[in-house]
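A.B. asks: Going down the list, the protein sequences come from chains A and B.
Letter 42 of the first sequence, counting from 1, is numbered 42 in this note's numbering, and no numbers are missing.
In this note's numbering, each residue's number is its place in the second sequence (first place is 1) plus 1000.
Keep in mind the hints are simulated off the structure, nothing from the lab.
Careful, some of the hints might be misleading.
As the list claims (entries may be wrong) - Simulated restraints on C-beta separations: (1) B:Thr1581 x A:Glu56: 19 to 29 Å; (2) A:Ile39 x B:Ala1232: 48 to 58 Å; (3) A:Glu56 x B:Ile1514: 47 to 57 Å; (4) B:Ser1172 x A:Glu56: 51 to 61 Å; (5) A:Glu56 x B:Leu1596: 17 to 27 Å; (6) A:Ile39 x B:Asp1098: 51 to 61 Å; (7) B:Leu1446 x A:Ile39: 22 to 32 Å.
Quantities reported herein were computed from a predicted structural model and do not represent experimental measurements.
Where is the CB? At the ideal position from N, CA and C, for every residue including glycine.
As a plain string of letters, each chain reads:
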Amino acid sequence: MVDISIADATVEQIIANQKGLVAIGAGLAVGLSGIASGIAEKDIGAAAVGAMAEREELFAKGLILTVIPETIVIFGLVIAILLIFM
Amino acid sequence: MLAAKKVSKAIIVGNKTLLDSVVDVLYQLNCVHIEDFDKEDSFFSIGRPGKAATEASNKLVKLRSFSNFLGLKPHNPDTMVNQDSLLHEMDDKLDELDSAISRLTDKRNYLDNELKAIESKVVELEPFSQFPLDVDMYKGYNSISVHTGFVRSNEIETDIRSITTDYELFISSYNKMQVIALFTSKEYEEQIAEVLDKNGFSEIHIPELTGNPQQLISGMINRKQDAQIELASLESEIDILQKKYKDFVQASDEVLSITTQKAEAPLKFATSDNTFIIDCWISDDEFEKVVSTIEHEFNGRIFISKLDLEEEEIESESIPIEYNNPNPVKPLETIMDLYSRPTYKEIDPSAIIFITFPLFYGIMLGDIGYGLVLLTLGMVGIAKIKEGELRSLSTLLVYCSISTIIFGILYAEIFGFHIFGHHSIVTSLMGENSVLGMAFHNFSLLPILDRLDPDDIPILLIASALIGVVHLNLGFLLGFRNMAISHGMKEAVLEKMSWIVLQLGIAIVIIAYIGFIPQAGQIIGAAVAVLGLVMLIAGEGMGAILELPSILSNTLSYTRLAAVGLSSVGIAFAVNEIVTTMLFPKGGVFIIIGILVLIIGHTVNTVLGVVAPGLHALRLQYVEFFTKFYEGGGRKFNPFGYIRKYTEVK
Chain A
1 MVDISIADAT VEQIIANQKG LVAIGAGLAV GLSGIASGIA EKDIGAAAVG
51 AMAEREELFA KGLILTVIPE TIVIFGLVIA ILLIFM
Chain B
1001 MLAAKKVSKA IIVGNKTLLD SVVDVLYQLN CVHIEDFDKE DSFFSIGRPG
1051 KAATEASNKL VKLRSFSNFL GLKPHNPDTM VNQDSLLHEM DDKLDELDSA
1101 ISRLTDKRNY LDNELKAIES KVVELEPFSQ FPLDVDMYKG YNSISVHTGF
1151 VRSNEIETDI RSITTDYELF ISSYNKMQVI ALFTSKEYEE QIAEVLDKNG
1201 FSEIHIPELT GNPQQLISGM INRKQDAQIE LASLESEIDI LQKKYKDFVQ
1251 ASDEVLSITT QKAEAPLKFA TSDNTFIIDC WISDDEFEKV VSTIEHEFNG
1301 RIFISKLDLE EEEIESESIP IEYNNPNPVK PLETIMDLYS RPTYKEIDPS
1351 AIIFITFPLF YGIMLGDIGY GLVLLTLGMV GIAKIKEGEL RSLSTLLVYC
1401 SISTIIFGIL YAEIFGFHIF GHHSIVTSLM GENSVLGMAF HNFSLLPILD
1451 RLDPDDIPIL LIASALIGVV HLNLGFLLGF RNMAISHGMK EAVLEKMSWI
1501 VLQLGIAIVI IAYIGFIPQA GQIIGAAVAV LGLVMLIAGE GMGAILELPS
1551 ILSNTLSYTR LAAVGLSSVG IAFAVNEIVT TMLFPKGGVF IIIGILVLII
1601 GHTVNTVLGV VAPGLHALRL QYVEFFTKFY EGGGRKFNPF GYIRKYTEVK
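Okay, chain A solo, but in the shape it has when bound:
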């Protein structure tokens, strides 16, 4: 472990530190939103598969309903990319 107290830190160390925090933030954005869409999709997916087992032509409707919460993780990803690259 490197012990950095802000008063002693060089500019490079502070920048590196901030980069690390940005990376953690980006990771959290993708990870948490991924978990969120996972939780949302699991019930819909299960129901969609159930519906498809009864009527196969419901595939497209099932797919559409299942992927609706996926937008959440796309938002997370966009935020992460903005954080890292912009």
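Could you slot chain B onto chain A? The hints should help.
C.D. replies: Structure of chain B alone, referenced to chain A:
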């Protein structure tokens, strides 16, 4: 293109004596969609199936059970079978097959049963093979009771001795259990039963045999081997039978199916005592052909007439839909059918997703290596599969692979590795100072977009969002067209055009904000956006406000075009980095681990890289694009007839 084939409703009327010939002619034509006759409140009744139906369907059931027994799968025969000669010999051959198969089935059942019996006897006898007693000695005593079976522990003997000393006990361990054979006088039966119960006794029934158990078992094992050999020879007999009859079974199946379909056709017709009426749909391209064929075959004794469609009927989903697309677009019809067939007045978007689906796929995957793998897979699929959904999907795979290769060249990527520039695989393999390494490192024409370059990634993101805007507005325009035709211009403007006006307003605000046009543009843009919003509320009610954020989420959804690709590039890059910077430099066993990581990582990435873009490209069509204009729900145009594959008529 862009619309279903034009069809007309028609009725065919004639004398019942001509019914069979009309069915033959229509079947031959294979372009008439026959509507089921609805008997409700009608003077007419449903036609009776032809005499051939029962016999043919009985034979068909028999034939399919044979085909099942022989394990036949559809195959391409060397020659087409002539229908007449097939029908001539069909009964004899069916009898032959029947007797051969029932003989084989009997024999197989007999052998199967024998094998099962032997196995169960061996299981019963084996525990007692260690005792020096013949099998017949366990039975037939008047004053002695015999207990054979398993107990939990070998301490049972002390328990027995406390009851009587007049006993004989054989005990030995078998499969972690104790097997016993206990002979006692019958007078202690109750106490002995208690002791046994206490020790968790479970009885084994000794089979009714005589002789030494070990010899019996070895005899049975010999018999078992013989039975297995017989079974194997039986299987080879089935193989021979399969080879001999596979063409016959397949061809007969086709002929009998055709016979049954024709014979059962009158079930769809309306009939009176002397006449029949067929209610049907015929595509406009082929109407003349049908009329002239019927005219020619029946000399005016059969009457065919086109009916005018009522407006309601055109609106409804009752008209059967036949796609009207050029051949290259046909594979996309599978994607359409997966969602829902278009209705008669709707735009059929097959031709549009013919462009956008492979385009999106290519943007996401964009890799020369993966593209070539997919191209090979697709080509193999096309060569092997002659028809059906899988063939369409193979063709689609070829389209997608071509687009993937084109974008792969633009991104200059091969199997996740970069060809040129800072991350060039050639440079890292050859060393930075080698001639080739330098050349690849410094080549600057490609990639046009570098998916590892922090400067290029925002460009990719914005470009994909812009593609989204274009795609979405194409959807709104198509929706405008559909709405204008089905509900009138006013609704179309209020419900669909309003979205475009709204977006235009937002776009003007953004452009003015960035500074491309004077700041006053912001106010104009806001005004335009508000106008769009008012139109939208007028068209769809206040609920439309809830839908407003969908504009943002739909557009952002297209950033997956960049994101899905980036994630696959990211995985490939991470795998390569782990291996080249962390594992390989350590040497020794780490080189082997590194190679393993490389193989596993890239295999997983390839599978993900192939599956994910397909699903996401599909989703962008179904969720973002179709919801703007498409309703679907059309019925399939299902012509009465059949294209012979295995048989021919002279």
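A.B. asks: Tell me the numbers of any earlier hints that the structure contravenes, in ascending order.
C.D. replies: Failing hints, ascending: 1, 5, 7.
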